[in-house]
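There are 2 protein chains.
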Amino acid sequence: MTFTPNLVLRRLYSDVSKKVRAQKYVLTKYFQGEPKKSDFKIVEEDLPELKDGEILAQAEYLSVDPYMRAYMIGYKLPTDMIGGQVAKVIDSRNKNIPVGAYITGPFGWRTHTVTSGDKIFSSSIDLPITVLPDLRPYPVSLALGILGMPGNTAYFGLKEICQPKEGETIVITGAAGAVGSHVGQIGKILGCRVIGFAGTDEKCNYLEKELGFDRAFNYKTCNVRAALKDGAPNRVDCYFDNVGGEISSTIMSHMNKYGRIAVCGSISSYNDTAPPKVTIVQPALVFKELKMEGFLVNRWNDRWQEGIDMNLKWLKEGKIKYQEKVYHGFENMVDALLGILRGENTGKAVVKV
Amino acid sequence: MTFTPNLVLRRLYSDVSKKVRAQKYVLTKYFQGEPKKSDFKIVEEDLPELKDGEILAQAEYLSVDPYMRAYMIGYKLPTDMIGGQVAKVIDSRNKNIPVGAYITGPFGWRTHTVTSGDKIFSSSIDLPITVLPDLRPYPVSLALGILGMPGNTAYFGLKEICQPKEGETIVITGAAGAVGSHVGQIGKILGCRVIGFAGTDEKCNYLEKELGFDRAFNYKTCNVRAALKDGAPNRVDCYFDNVGGEISSTIMSHMNKYGRIAVCGSISSYNDTAPPKVTIVQPALVFKELKMEGFLVNRWNDRWQEGIDMNLKWLKEGKIKYQEKVYHGFENMVDALLGILRGENTGKAVVKV
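Here the protein sequences line up with chains D and U, keeping their order.
For the record, in the first sequence the residue sitting at position 241 is 241 according to the UniProt record's numbering, with numbers rising by one throughout.
For the record, in the second sequence the residue sitting at position 264 is 264 according to the UniProt record's numbering, with numbers rising by one throughout.
A hint or two may mislead.
Identical chains share a label here; the pair holds if one copy fits it or two copies do between them.
Below 20 angstroms or equal to it, Euclidean Cα-Cα: the simulated DMTMM-like pairs (lysine to aspartate or glutamate) are [said to hold, decoys possible]:
(1) K257 to E160
(2) K277 to E246
(3) K257 to D302
(4) K257 to E331
(5) K313 to D201
(6) K37 to E202
(7) K325 to E246
(8) K88 to D52
(9) K41 to E306
(10) K36 to D46
(11) K51 to D39
(12) K220 to E60
(13) K325 to E210
It is worth saying that the hints were derived from the structure and are not from the lab.
Throw the hints in and build the complete structure from the sequences for me.
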């Protein structure tokens, strides 16, 4: 007889599953300016018993990402808050996902989730549910960072949209964030000159000294035009835009013919009630024949594992470093989100539940 | 013995060529706001005798195009004014270009030109020198319009950058201009829904009634958002942007996922001393994953004849109509340029020398 630990454990947990109450964040008011705790309600709900093929997952790490601020405008309220998480499977009626496994999934801001393992993509944010391999000695939280959505955003966004060639110059805004800091390191791996803009001298120092950026500038204190002349003497071939805003218009005016711009986000405007006005980009686009393309990482869902594998390989080879800011407690989700929107962190921010 | 009319005619003209004085516009001041006559000097110069391979061309029609306002900022002054022209070959020591032939070339604002027929591309604006076929019954001036640079701008810009598919919706700004009016008609040939924005009711009427646009709106009097809802109920797949400015940001916010934007010009800002500020485009680019690409038509110099041939075919089949505004007199170049920058014309503006 085959030993089926999954079945055994499921029996052990079967009483638990019936009683599990999940906590979740429900957004009840559209954000006005910065997100506020009073925009949310924490709601408890009883989860249903598992059906065949389903699993019960308990959140270990919740992700906070800039897109969360921007996306919610598209939902009818009240609605469950969206987001990715790393969760531990604590009950399973799915033969492919054993109890004890760690998974990532777009389950939102909630403590427990019942989900079908067969349903690979979720509807709210269209990202894969993945069973994690053994990541030790790395923390499982990396599956929300360089081995997850931000890592794949950096990998595919740079490679597929910017298409940098060896020797070209890449500029990155939001360069100390989870995506930006990763983009710059991939740029160095590909043999490019890498220039970052970030919001504190400390971050800039980290980018230059720890991550190998050729130059990093504090956009709050530098003259961006002068910084570009100084840092990108051959002008800019690829621009990885995380922030939008005036700095992006300035960078585009410093690009080379046929330059490529990957528009990953526009965090500089997310908290604005009305979208801001900046210098038009069209003249630079025409006369330098630039290509500017916005993207969402789920465009590459069918190549998801390629990105994860490559980033894990580079991580193991010591070519990619990461920094993580871990907030503690489910009740601190809003503070963590505020932190990234205010630029308080370097690298990836997660919340340990 | 073969009859060689070229050689015979060259002898007839050989005395003329030695004495020809050309008139040309020299830009002496950078434009501030609208171009002014006092920004230019009309200068006379003696042309050199023809060397082997060269021709002497006498301008018949000079082109005025919006790009002229924008380009000159890149030149060191004083400099000869750039531009395309249709010229008649009045002397030739090039066996491929007979006397009496009509040619187009980027010779600038000047009455006579000595040029090498072997030099296919000019350095100042990189457009082909072409010997025109017999265009009768059409005027040779079309070689500056639908059978020339604007026609190829419409043809390649729409096909290669916007890549419209049958049934998609195309929006065009500057829709009554030389390029815009042509883009819309190609859009209809390709089976698309075509919406234009132009600056007078008369132009809009012309676009709808004469050129077959599905809808045309006067951007000066309409609410652009409401016009888009009304005219593009399935939202916008392709945007051919001739104007830049706030209207472009509004149109981009009304596009479908994976929409394509061909940025051909930004005439709305050409007369501004400082580039204007408009609502940022990055959020629309990210969340709809739009691709926005600026282009100059000389990118397709190696396919130049393809565009001309296709536009001539459509013209002969009655599928493409054109309108021409002919100014008279070399001394009226600046007025003609002002006219197009002010949106005074429908279709293409040329100056008969």
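Hints and how they fare:
no., hint, in the structure
1, K257 to E160, "both (18 angstroms within a copy, 18 angstroms between copies)"
2, K277 to E246, "both (8 angstroms within a copy, 9 angstroms between copies)"
3, K257 to D302, "between (32 angstroms within a copy, 18 angstroms between copies)"
4, K257 to E331, "neither (49 angstroms within a copy, 36 angstroms between copies)"
5, K313 to D201, "neither (30 angstroms within a copy, 62 angstroms between copies)"
6, K37 to E202, "neither (29 angstroms within a copy, 54 angstroms between copies)"
7, K325 to E246, "neither (28 angstroms within a copy, 39 angstroms between copies)"
8, K88 to D52, "within (18 angstroms within a copy, 83 angstroms between copies)"
9, K41 to E306, "neither (38 angstroms within a copy, 62 angstroms between copies)"
10, K36 to D46, "neither (26 angstroms within a copy, 75 angstroms between copies)"
11, K51 to D39, "neither (34 angstroms within a copy, 80 angstroms between copies)"
12, K220 to E60, "neither (35 angstroms within a copy, 56 angstroms between copies)"
13, K325 to E210, "within (16 angstroms within a copy, 63 angstroms between copies)"
Against the hints set out earlier in the document, violations occur for numbers 4, 5, 6, 7, 9, 10, 11 and 12.
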